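Engineer: Sequence:
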Amino acid sequence: MAIINIPDGLISELTVVAKSKGYANPKDYLRGLIRSDLMTLRESEAVLALKKQLEVQLESDVEAIS
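Going by UniProt numbering, the first residue of the sequence shown is number 1, and it counts up by one from there.
Bear in mind the hints are in silico, worked out from the structure with no lab data behind them.
Check before you lean on any hint, since a few could be wrong.
SDA-like mimics (lysine to any residue), calculated; alpha carbons at most 20 Å apart, straight line [claimed, not checked]: (1) K51 x L41; (2) K19 x S36; (3) K21 x S36; (4) K52 x E63; (5) K19 x L41; (6) K27 x V16; (7) K27 x K51; (8) K19 x D8; (9) K21 x L10; (10) K21 x G9.
Estimated spans, in silico, between C-beta atoms of each pair [what the hints assert, rightly or not]: (11) I11 x S44: 16 to 22 Å; (12) L50 x I4: 30 to 36 Å; (13) L33 x L54: 29 to 35 Å; (14) S36 x I11: 29 to 35 Å; (15) A64 x D37: 37 to 43 Å; (16) L54 x N5: 38 to 44 Å; (17) I11 x L50: 37 to 43 Å; (18) K19 x Q53: 53 to 59 Å.
These figures come from a predicted structure and were not determined experimentally.
For glycine and all other residues, C-beta sits at the position ideal for the given N, C-alpha and C.
From just these sequences and the hints, can you work out the full model?
Structural biologist: Structure below.
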């Protein structure tokens, strides 16, 4: 497991937000945030890859028509 240094002020903020959201352990809240952000990143990468494929296909189609 990797260890990350988090400033004390940020830990305090995370603790307050986690408790306000019903989490007993701020680490659980932070894990959820990280997982959510990773999923968003993966989805964004997939969309960008699809966009690139469509651009290449469109260029190919335009060349075929010309």
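Engineer: Determine for every hint whether it applies to the structure shown.
Structural biologist: A quick look at each hint next to the structure:
1. K51 x L41: holds, 15 Å
2. K19 x S36: holds, 18 Å
3. K21 x S36: At roughly 16 Å apart (the allowed maximum being 20 Å), S36 and K21 satisfy the hint.
4. K52 x E63: holds, 17 Å
5. K19 x L41: Cα-Cα ~26 Å, so violated.
6. K27 x V16: holds, 12 Å
7. K27 x K51: violated, 36 Å
8. K19 x D8: holds, 17 Å
9. K21 x L10: Distance ~16 Å between K21 and L10 Cα, so the pair holds.
10. K21 x G9: This hinted pair holds, its Cα atoms lying about 19 Å apart.
11. I11 x S44: 16 to 22 Å: violated, 28 Å
12. L50 x I4: 30 to 36 Å: holds, 32 Å
13. L33 x L54: 29 to 35 Å: holds, 32 Å
14. S36 x I11: 29 to 35 Å: violated, 19 Å
15. A64 x D37: 37 to 43 Å: Given a distance of about 41 Å, which is inside 37 to 43 Å, the answer is holds.
16. L54 x N5: 38 to 44 Å: Cβ of L54 to Cβ of N5: about 42 Å, so the range 38 to 44 Å holds.
17. I11 x L50: 37 to 43 Å: holds, 38 Å
18. K19 x Q53: 53 to 59 Å: violated, 45 Å
Taken one by one, the earlier hints fail for this structure at numbers 5, 7, 11, 14 and 18, listed in ascending order.
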